Amino acid sequence: MPKDNSIKSVLIIGSGPIIIGQACEFDYSGSQAARSLREEGIEVSLINSNPATIMTDKVTADHVYLWPLTCQSIEKILQERQIDAVLPTMGGQTALNLCIEAEDLGIWEKYNVRIIGVDTAAIQKTENRELFRRLMIDIGIGVATSETANSYLEGKEIAQRIGYPLVIRPSFTLGGTGGGFVNNKSELDEKLRIGLEASPTHEVLVEQAVLGWKEYELELLRDNKNDIAVICTIENLDPMGIHTGDSITIAPAMTLSDTCYQTMRNMAFKMMRSIGNFAGGCNVQFAVNPENEDIIAIEINPRVSRSSALASKATGYPIAKIAAKLAIGYNLDELKNPVTKTTSAFFEPAIDYVIIKIPRWNFDKFKGADKSLGLQMKSVGEVMAIGRSFQEALQKACQSLEIRKHGLGADGTGTRNLEEIVHSLEFPSWDRLFHLKDALEMGVPISSVQKLTRIDRWYLEQIADLVKTEKEIRKFTLDTLPESLIRTAKQKGYSDYQIAFLLKNCTEDDVYEKRKAMGIRRTYKMVDTCAAEFPSPTNYFYSCFETENESIRSDKRKIVVLGSGPNRIGQGIEFDYSCVHGLLAAKETGFEAIMVNCNPETVSTDFDMANKLYFEPVYWEHLWEIIEHEQPEGVIVQLGGQTALKLAEKLHERGIKIIGTSFPDMDMSEDRGLFSDLLKELKIPYPKYGVSETADEAVKIAQEVGYPVLVRPSYVLGGQGMKIVINDEELEAAVIGLLGDLPGNRVLIDHFLDRAEEAECDVICDGEDYHVIGMMEHIEPAGIHSGDSSAVLPPFSLSENVKQKMEEYSKKLAFSMNIRGLLNIQFAIKNEEVYVIEANPRASRTVPFICKAYDVPYINIATKIMLGTHKLKDFNIQPKQEGYAIKLPVFSFSKFPNVNRELGPEMKSTGEAILFVKDTKDTEFREIYSKKSMYLSR
Amino acid sequence: MSLTQAVLLLKDGTFFKGNALGKIGTTTGEICFNTGMTGYQEVFTDPSYYGQILVQTNVHIGNYGVNEQEIESDGIKISGLVCSTFANHHSRKMSFASLEDYFVNNQVVGIQNLDTRQVVRHVRNAGAMNAILSSEVTDINELKAILDRVPDMEGLELSSKVSTPQFYLRGSDQSEFKVAVLDFGVKNTMLQCLNDRGAQCGVFNAHATIEEIMAWNPNGVLISNGPGDPSAMDYAVKTVQALMQNNVPLFGICLGNQLLGRAMGMETFKMHNGHRGLNHPVKNLLTGHSEITTQNHGFALKPGDFPELEVTHINLNDDTIEGIRVKGRKAFSVQYHPESSPGPHDSRYLFDSFFESMK
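Sequence lines, in order, name chains A and B.
Counting the first sequence from 1 gives a position; this note's numbering is that position plus 77.
Counting the second sequence from 1 gives a position; this note's numbering is that position plus 816.
If we strip away everything but chain B, and leave its shape as in the complex, we get (with noise of 0.2 angstroms):
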């Protein structure tokens, strides 16, 4: 156990001691918690966790290692993590290396040994901010100096920061189906599940244009997750709306569904914590089924009036809005990870009626 010491300081002034893990340095982010048990690799390379300081609520992280096949981007992708017990052993036959080395190597920080409970109740009362985690600097003054210049995640787009500089190919020339990937931070596992279904991906940047697009000549077009905050993202916006007016077939995933939202006319809002874990209860209003899903979000859609749209899922336990279609077109799009990685995969139905809607 590493007995470097470590703080954790939020933006409204409470702060955490504990010690260092990975990288000893300082790192700045937006404080969130996840409470999924399995799948620490998966969440921590995913992009849409870019600019998050990220509070695991299991309290032993590490146990079974790292793995090649369990990566969903080229590396770490949070702030920083928080954690109860780090594993100083792992064990896994399938394993390649430790965390340990993991976040050493991606140069990314840590704390572990501090009351995590303590760290979650107090952001789930208090709401998201930021924070300031450091193993190089535990003056509090100074720290708090660095916190202040931190601009808040509202109104922050972070997409750019995260997505493919260049466009590549992904998946057999001779598959049967070509879908446009706009990346906003994509995950390997969603580019998986469309080449299993027999897409060819064409990922492009968050910035591409329309005619970039559709040059490619799409079956359809997926709009993928990402970090930062929907309502800066209007470039983003005004290529959804292009493509519904290409009238190609879409599929939105979690920042994916607020730029379909926008685009159609509706608003995105903060929410106090966001929903992020392995175990948050969607309501199907086509099916009437229930699926236990995968969700990493702090920004969702308004409710509102809006003829064209019709919501198609919904949260149980806040009634947050989970998934929308526009109607008379193929356009749907979810709040949550329907490709998951970590988690259940009840949701994976939604990539099927994707390729329905492309046939």
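Here chain A stands alone, though its shape is the one from the complex (with noise of 0.2 angstroms):
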């Protein structure tokens, strides 16, 4: 059946703000689904509540709602327009629960809209733990035993009947929310409990838990006529027991036979075709017991997730664009390979790489909290690395987490605590991949890791030889490392940095020199869905070290754009957002726009967006190869966060030009000396400050600018290790703690200015004109991160005299800190006096918000400038400005139930949600103002 051609106007549902759980894979499901409706000429609106999103643009949708996800919000939308169907399955489990709610309500039947891309009976059956068990038995697939308890003294007879150890899984909750395991009878009462409460529908299901079996995901795509095509196998690394989204996973399926996978292939068909009618992306989770190679199913969801998301990156195949063409009718064997353009979409894709996914964690974020992994979800991020091999793919992701690691280890930061590693082996947390590499180096045998983790013996094999590698490269210095055994070590994804460390006695500089002398240089092949087998016009790239390079410099003027690598607290998709915006108006302005990002999450690693995408580590060695090879004109720092902005000092000290403000520009916001100099020749006031290396120092410093002090290292991001002290105990404990987490760090203690309100303002300049973006007063007083603060813009209670100053001394730094492109300053109000707190010269967090808020496009107008190829007079600038537009920050407590959820100087909000107002007397405004006393009371 071709496209349905009654279906002119799709209405899709965005995910809300970013929790644990829900990312940003579904901003890029959302915007390719709407992307790909708009190419068949199908009017596009779109709701969604998170500002930071792309898919809330214009450049994606034809109508942007950026409502509250509510039944309210969608009867007014169709009350407004003419919608003929509604897509649910881009926005994870928060759009398809909505969307099953204004259907209970009646509501799409009122208006007439059609739910497209799944069937809600289909949904019901998946989502309903005891319903899904029922079908597969029916069906005859086998699950792990289990029964539905919607009771407590039902759980506990359940309980018995299956024997421990037990899995608890409540019904319709996200990312594993109140599920876990019990191993015995004392557990099981907290447990039961967690997980009823969690449940909206007060119902768990008690299974017997498969710990140790192998776990696989298939991504398949169904189109209208019930042909299926699977589009990626993961492996995952860690067996069952570590819910997939805290998992390191692998394509393609490494230790997997055809004959199990051909089993687990057929099965996934039929669970497919048990569950309804639908067409579009489909996630199955599968069990397998490496004993004998039986196989049970764990789950199946019938709508695109971050799994398929990460399909898409791995195999280049975009996965949410063919489904939502299959929503409206449709069927694969009609549609053309978006990759080679010329073979069929109905495919199942060949990789001729490894790719790896690896989460990114952020417990330090939240102090107290259980950080053992299992069945539900706690990473904030991940990152996805591509090689030639399994060994090269792992250092690469090591490499792009940005938790200060060169590789796998050989980089200083293991440890020789036998006793703790052999603990992290068999209670996982975010380090126990370093920590079997620790246990190998240690001579812990192989097999005695295996019993301990029930991590496949190919993968620590895998992990021994890089052991045995090493010692190898140990043998030798600089001088006397043989070119084989360079190259061998750059096959097997070792950094310059790690060889040096391995070799003593040379910099990462001097191992770079020496293999580029040898013509050890990277090469860089494409990702292009079929292993070579068809000719493809495709731009996405990775490297590795083979003969052929694949990636064709072309002779235009190229800008490169650095990413902000794996999504944590503090660093989102805001980031994101403007990276894509920077890469549309790098290709407005006749550039060619190449982007370097390792997330495979976001938006700016679609092949769609950027003329080149090199899916690389934002490390120092991928970079400079990358610039070596393509010979850009310059580099925007701006736009990928502190990520991005870390790496212009090397490139300014290489000569590489970066684009918009210069890298001594920018580092003066940086030094706390010279920006607190600057200051006071600019007549800025400021907080009394110092900056000590020792706890000493640290209590002197402070009696001088006089408690309470907010104490910090420099160069971290969102507020890491920030803290408030108001006496010299609580400082000195505070310094001696900064230290030990960041040695060779210098902290910061900055007089707090109590009870004071805070206030932000977004500045674009050229060089000669400059322009307020805008200002906002957070209705939280100082001392809580502006990340966790409610955002009011324009101010709503700051006097004209206070909005006068902001303005000015904006001005001024602007000016002086000779800005190219975006400012962010921080300003504390105290009886009418204005401090600055802090500048970043870069896209901050709040300048998506303004975006949408006044419906701008700031990011494009700013990366113009910062190219230079436009002034601020060539753009006719006029925000929109009816009311009150607030951030809100959302949190993810509920993954850390023993967290203290207090909100402070370190930030803990996971996303943004944007609400409208219209004035002050509103009621939710007056709801959020009220926190503020709340605060000020204590």
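No false leads were slipped in.
For lysine-lysine, the following BS3-like pairs were computed, each having C-alpha atoms within a straight-line distance of at most 25 angstroms: (1) A:528 x B:909; (2) A:880 x A:760; (3) A:760 x A:888; (4) B:1086 x B:1054; (5) B:833 x A:567; (6) A:882 x A:757; (7) B:833 x A:591; (8) A:800 x A:907; (9) B:1054 x B:977; (10) A:880 x A:1008; (11) A:633 x A:418; (12) B:833 x A:593.
Calculated directly from the structure, the hints in this document are not laboratory data.
Since the structure is predicted, the reported quantities are computational estimates derived from the model, not experimental observations.
Using the hints, put the two standalone chains together into the complex.
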């Protein structure tokens, strides 16, 4: 059946603010779906309350509703606009739940709207654990033994029947919330209670735990005539027991035989065809008993997901884009593969490389959190790496994480504490991967490691081989290291830093120069969906150490945009939004826009966005070889958050042009001494401060500047490690703690302006003119991290005098810092005096929010100014100002029940929502505002 | 990792260096590539690969060792293997040996640690050609001299070399059906698919006469897959024509498809690269459904006007003919491998259709 022409206008439901378990992968799928439908001439409306997304941008949809994801909002949209169909499969669980709720209320029927892409009965079958289990038994698919409990007593009886270990899985929850393992009777009571409470239907599944079985995921597409193709098979390194979102995963499957795989594929088809009618993406999870290859089904999700985003990036096959076309009636064999453009979209991609995903955790932000990994997802982001072997991909993934690792060990970050290592192998947390290597390095036998971890021996042998390679390298010095061994090491993914560490007495640059002289350079290979079987005009590349390079340098003027790497607290989707607009603006001004990033969830790593995509770690060595290869005119570091900014210094040293504000000018804001000197010179007030390297010095400074003081390490993200202390004892403890965590760092001590108001300003400057993008007043007082504050645009209670001062200071700073592009300034206001707390010469977290609130493409404008192709006077900026827009922080505390929810100078929110209010009399505004007095009364 | 040098030299003079795997020796054949990501053992033991040096695009080969069940013939049939990373260690409860041992025991030569994607891109552009692979001779000129003596695949009859020398039976005497299998290089799983549906197989040598076959009194005949150029197999075409005259239900697979086509007057041609992998999309024109298929062929049927024939399946990537049937007769064939192994089971319904035609 070809396209259904009765569908002319589609509503896509987004996934709302970023929370753990539902992140920017849905911005990727939603924006891909929107573009895919618009390609077909369909009018796309979009609802999402998350302002930091590309999907809610005019470049993506025809009509954007930045409204709360509620049935009232849906009804309002349907009253306002003729909508033929709703596509609820692109916005995760949130969108599906909202779609069902609206269906229950009869809203879709009332407005004559068809639900496309899924059958709500299918959702019920897949989300309700008991229905799913019964269905599987009916169609002859094996599942773990289990029963459903709706009460505490029922749960206890079932547990007695099945025996331990058990799993508790609440129905209708996200990312495994409320689920957990029960190892014995004593743990049952609490786990059962948590599970029942977490489920909106007060229902849990009590299930036999298949700990240690191998875990697989299949990403599939199904069309209207029931033809199915498997887009990607993903193998988990971590066996059953760890949520797949928290597992290290690999594609293609490394240790899966064809017989076992085909059985799994047949089961997946049977399952998909049993749950009702739907056309689109689907994810099916299986567990395989390594002893006899028995397979059981774990779950099925008839929608795009985190895994389908990963599978799209892993194979090059854009699942969401095709799924959207299937939803409007196309069948797979009627569509072309968008990568090769000549072959069929009904196709199972072939991979001739290895991809590895490693989750990124942020436990450091949640003091007191249970750091163990289990059924409930706890990671906040992820990285993906591509290599020509498992080892290469693994080390590249470690380099991408930005956790001060230069690969898998061999960088001085390992541990020798056997007790800690062995514990970590059995009770995994974020660092188990690194401990695998530590253990093998210390001589723990592979068989023991396997017994403790139940990880397939093949993977452990791979890591053991790295240990062997390192022993070999250690025998040499830089001068004696043979060419063949350098090549082998590079092919196994070692960074120059790691090789230098192993050789001793040389630097990363020495190793680089030596191998460069030997001709051991990176080559770039294409991600083309078909293992080179067909020619592809695609622009998606990764690096490896092979002979043929496929990334041909063009003679166009080129700009590299540095991405922000894995999402984490303090640096999330908002920077990807900025990067995408940077790419689009660079393209509009005639440059070849080159993206470098390693986050598979993002829109910036969609191969449709840049002229060329290098899916590589945002890590110096990789970046440098791309620059040597591409010879760009310059690099944009202002858009990719602190990750990108951190690389500016080295780029500057090597004579690479930083697009926009120069490195020395940017660096001034990071150097507290220089920055304060500047403020003094400009007669701008700032809190008294000092810099110390020891606790003694810190106490002296604190006494000078006066308590309370704000203590923080220099060069950190999202207020990491920041504390407010009120006396010498607290200060000493804080400083010792900080220096212990970050040895060699310096500590900044600022006088803390207690009970001050906080505000911030984003500015664009081109050297001649400047423009205030937006001024925001925080509802919470100073002392709460700006990322956790409710920011009101424009200010609602600041006096004219204060606003004038903020504007004046912004202007002074923008000009004296020689800003070309963006600048964010944070203020504290006390007794009508305005103090500058900090200035960041880059796109801030708030710029995307202002872009949405005022409906002005500020990043586009700023990028063109950075590039020097435009001046501010070339733009007619007309902000749409009606009432107030509020940026509301959103938290994921439910994942960490034991964590103190109190807010402070360290950021804890994972996402944000936008709320528009007419005036300050608005009830929602009053409610948010009432929190302020709560903070002030403490 | 073996540090023995190995060289792969193509007919057009392009060569690649790497390290040896398997037996130390020299081998020749036509170079081709397979894009499948699972089932290497099934591929290596598929007799249709006889005479071919195979490039595996999947970068890790041998990770799960070898297994007694996942074997398509009595041993490795490829002439040589080209791969990126050949496993030093394997892991699977059900495996009985490493792939390395299997290669050594089967006396098969291979090369690893080279840019296999470069090889594939080269072959994709330049087309299929002969190649020599050696881990004992590394002198290019010497290798070239040997390579020059290797005959081209075009015009080469190879089925005789892999066909069973003697007739044998497979499956129970009590079976409902008797299926004669014309063995041009038949795969184990094909016979298994027939057994599973209630047939005893009588497997005949490629050169079996029509009298021999009909004397066994089969309910139907399977014309198997196999290596080589179908245009050099007039003997087999005659057998198929004679079977048609006897009105016995026919099912052709791969080479069998080409032979049925030729028997009906069609011609075959050598493809630029052929189709080898587990992901080839085929549309069934009779049902309108599409299926993902396993393929392994370097020749195909040339389209034309044949009123007695109907094209039943086409390839969605390049529109080549993937299946035909003879109008008004119980005779049909497909260019791909419905028994798969390795590969998706989407097309196993074709065996059911064959049994339907024998009822």
